[in-house]
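Asker: When you get a sec, could you build the whole thing from the sequences and use the hints?
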Amino acid sequence: MAIKNQIKQSLIIAFWFMILTFPIMVIKVNTIKHTIDFRWANLMWIGIVTFFASMVWNYFLQRNEAQKKKEVDDDIPMIHRLLQNDRFRRPFLGLVAAFFLAYPFVFPMYHTSIMISALVYVMLGLGLNIVVGLAGLLDLGYVAFYAVGAYAYALLNLHFGLSFWVVLPMSALLGTLFGVMLGYPVLRLRGDYLAIVTLGFGEIIRIVLENWDDFSNGPRGIGDIPPPTFFGHYFDQHDTMIYIYFIVIALVLMTIFFVNRLENSKIGRAWIALRDDEIACQAMGIDKFKTKLTAFALGATWAAMGGVVFAAKTSYINPMSFTIWESITILCVVVIGGMGSAIGVIAGALVLILLPEYLRAVAEYRMLVFGALQVIVMVFKPDGLIKSVRKVYTFNVQEKNHP
Amino acid sequence: MNKPILNVKNLTMNFGGLKALDDVSIGIEKGQIAALIGPNGAGKTTFFNCITGIYEPTQGAVTITPPGKDTQSLRGLKPNYVTERGIARTFQNIRLFHGMTVLENVLIGRHCRLSSGIIKAMLQPPSQKVEEKKAVADSYEILEKIGLAKYVNDMAVNLPYGAQRRLEIARALATNPFLLLLDEPAAGMNPQETKELDDLILWLRDNEDLTILLIEHDMKLVMSLSDVIHVVDYGKKIAEGTPEDIKANADVIKAYLGEDSDDA
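Residue numbers (this note's numbering), protein chains in the order written: chain A, 1 to 403; chain B, 404 to 667.
Hints may be right or wrong, so weigh each one.
Cross-link-like lysine to aspartate or glutamate pairs, in silico, DMTMM-like; alpha carbons within 20 Å at most [to be verified]:
| no. | chain 1 | residue 1 | chain 2 | residue 2 |
| --- | --- | --- | --- | --- |
| 1 | A | K290 | B | E487 |
| 2 | B | K472 | B | E487 |
| 3 | B | K623 | B | E599 |
| 4 | B | K639 | B | E459 |
| 5 | A | K391 | B | D473 |
| 6 | A | K391 | B | D557 |
| 7 | B | K598 | B | D621 |
| 8 | B | K523 | A | D287 |
| 9 | A | K387 | B | D557 |
| 10 | A | K288 | B | E487 |
| 11 | A | K391 | A | D276 |
| 12 | B | K412 | B | D636 |
| 13 | A | K290 | A | E278 |
| 14 | B | K433 | B | D630 |
| 15 | A | K381 | A | E65 |
| 16 | B | K548 | B | D612 |
| 17 | A | K391 | B | E544 |
| 18 | B | K639 | B | E599 |
| 19 | B | K548 | B | D636 |
| 20 | B | K481 | A | D277 |
| 21 | B | K481 | A | D287 |
| 22 | A | K391 | B | D541 |
| 23 | A | K68 | B | D557 |
| 24 | A | K391 | B | D648 |
| 25 | B | K481 | A | E278 |
| 26 | A | K288 | B | E459 |
| 27 | B | K553 | B | D541 |
Derived coverage of chain B by chain A (criterion: at least 3 residues anywhere in the stretch with Cβ under 8 Å from a Cβ of chain A; other residues may be distant) [as the list claims (entries may be wrong)]:
| no. | stretch |
| --- | --- |
| 28 | 482-489 |
| 29 | 551-559 |
| 30 | 649-660 |
Derived from the structure by calculation, the hints contain no laboratory data. Quick reminder that beta carbons are idealized off the backbone N, C-alpha and C, glycines included.
Answerer: Spelled out as C-alpha cells, the structure:
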C-alpha cells in the first residue's frame with residue numbers, strides 16, 4: 001500500500017515537473033528560421049528522471065526516519081568515535097598531517113591557492129562558530145571583521161610600510177576591538193533582530209570602504225600588497241604561495257588549539273548556556289552582557305587575522321570581496337559543517353569551498369549542484385555533516401546512598 | 404533576635420495596570436523551610452522573580468543577611484549578582500541547558516565561583532587546570548549527593564522528568580547558596596518521586612546548612628515539610644503561620660475553595 005502511494009506521489013511530482021519545465025525544456029525558438037521547435041523527447045526524459053529521483057529521495061527519507069527512531073542516544077558521529085580510539089587516532093592524524101605537508105609540493109600552484117582559500121575559510125568558520133554555534137548569536141555581518149583585517153594590512157602597509165608579521169597581531173587586536181564595538185550596541189538583541197542589525201553593520205563597513213575614497217581608495221581597491229616575508233626575505237611567486245600555505249596551516253592549527261580550549265572552559269560553557277537558555281544562564285550567575293561581548297570579540301579576532309592572510313595572498317583587495325554573500329558563505333560553512341562542532345566546521349569549510357572549485361568541470365551547473373548539495377545535507381543531516389559532541393569526563397563511579 | 408536571612412518589605416510589582424504583587428512582606432529565618440502557596444496566578448513566581456532580579460519591583464525593599472555577613476539590599480541587582488550573593492533558584496518550567504551534559508549543567512552553576520578568564524582559558528596555566536579540576540570534582544560530588552551520578556555524561560535533555568527536576572536543584576546547589584528558592588519542585592512528579600524530593604529537601608536543610616523557600620501546589624508535601632507557610636492571593640499576602648494554623652485559617656480556605664454562599 002505504501003509503495004502504491006509512493007508511486008502515485010512520484011507520478012504527480014513527475015507530472016508537475018513536466019509542466020514546470022515545459023517552457024524552458026520543450027519550447028525552443030529558432031531565431032533564424034523564425035519557427036518554434038517543440039522538443040517532446042525532453043519532456044519524456046524529464047518525466048522519467050523526476051519520477052525515479054523522487055522515488056530515491058523518498059526511500060532515503062524513510063530510511064533516515066527509521067534510523068532516527070532506532071538510535072536516540074547513541075548517535076555520536078563516526079569520526080568522534082574513531083578519534084577517541086587511541087589506536088586509530090595517531091595514524092589518522094599522522095596521515096592528515098602528511099597529506100597537508102606534502103600537498104603544496106605534490107599539486108600545482110593553482111591547487112595550493114585554492115587550498116589556502118579553503119583554509120582561510122576554516123579560520124573564519126571556526127571564528128563564526130564561536131558566535132553562532134556556541135553562543136547562539138546569529139551574526140550576518142561577520143565579513144565586516146574579515147574586511148577590517150584585510151584593510152588593516154593593506155592600509156598600514158601602504159601608509160606606514162608595516163610588514164605582514166607586524167600587522168597580523170595588530171589586526172587580531174583590531175578585530176577584537178571592532179567585535180566589542182559591534183557587540184556593545186546589540187547586546188540587548190537576539191534572534192532575528194540581532195541578525196538584521198549585524199547584517200546592517202556588515203553592509204555599513206562595506207559601503208564606507210566603497211565610498212570613502214581618500215581613506216580606502218574606494219571601489220578601485222588597493223593593489224600591490226606585499227606577500228609575507230621570511231625574516232626580511234621575499235620568495236618568488238611560486239614559493240610565496242607555498243609559504244603562505246604553511247602560514248595558514250599554522251594559523252589554522254593555532255585557531256583549532258585555542259578554540260578547542262575555549263570551548264571546554266568556563267567561558268565556553270557560559271556561551272553554550274547562553275545559547276540554550278538566557279534566563280537560566282543569568283540565574284546561574286553568568287553575566288549575560290560580558291559573555292555576549294567576549295563571543296563577539298573572540299569571533300572577530302579570527303576573522304581579522306583571516307583577512308590579513310587574504311590580503312597578503314591576493315595582493316589586491318577591494319570592497320567587492322566583502323559583500324553579504326561572503327557572510328552567508330561563512331554561515332553556511334558553520335551550519336552545514338555542524339553548529340558548535342569544530343571538526344564539523346573544518347569539514348564544512350573544505351567541502352563548501354573546495355567543491356565549487358572542482359565543480360568547474362560542470363561549470364554551467366555548478367551553483368545548481370552546490371545548492372542541491374546544501375539542501376540534501378540539511379534534509380538528511382540537520383545537525384550538520386559532523387555534529388558536536390560534548391566532552392566526556394571520567395570518574396570512578398560509585399553510587400552513594402544519599403536521597 | 405537574629406535578623407531574618409531574607410527580608411522582603413512592602414514589595415509591590417505592577418505590570419501596567421495589573422498589580423501582580425501588592426504590599427507583600429515576608430521574612431525568612433535561617434534554617435527554615437518556608438513555603439509560599441496560593442491559587443494559580445496569585446503572584447508566587449513573580450515574587451521569586453522580584454527577589455532574584457529578573458524583575459525589578461515597583462516598590463518595596465528586598466534585603467538579605469547572609470550568615471556571618473552584613474545586611475545588604477538586592478533591589479535592582481541583575482540576576483547574576485543576586486546569585487553571586489548566595490541566592491539560587493530553580494524554575495517552574497524546567498530550564499536546563501539541553502545542549503550540555505549533566506555534569507556541564509552543574510559546572511555552569513560553579514561558574515560564578517571560578518576566577519579564570521579568557522586568557523587563562525586559552526593558555527591554561529597550572530592554576531587554571533587546578534581550578535578546573537576542582538570544579539569538575541565538586542560538581543561530581545554534588546551529583547553524587549543528589550543521586551544523579553549515574554547520569555554524569557548523559558545529555559541533560561535525555562534524563563527522565565524527575566531526574567531533570569533534581570538536576571535543576573543540583574545546578575542551583577553548585578552556586579554555593581545560603582538560600583535556595585524552589586519553584587514548584589514537585590510539579591509533574593509521581594508519588595514515589597515526590598517522596599524522594601521530600602527527603603532531599605530535608606536532607607539539604609540539615610546537611611547543607613541551607614534555608615529553603617519553596618512554591619508548591621502539592622499540599623501534602625507543603626504541610627509535611629514546612630516550618631512556616633506564607634499564603635498569597637491576588638498579589639496580597641493573606642496569611643502566615645505553621646501548617647496547622649494555615650489549615651485552620653478561614654481566609655486561606657476561602658481563597659482555595661471559594662466562599663460559602665447562602666443561596667446554595
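Asker: Among the hints numbered above, which are violated by the structure, and what are their numbers in rising order?
Answerer: 5, 18, 19, 24 and 30
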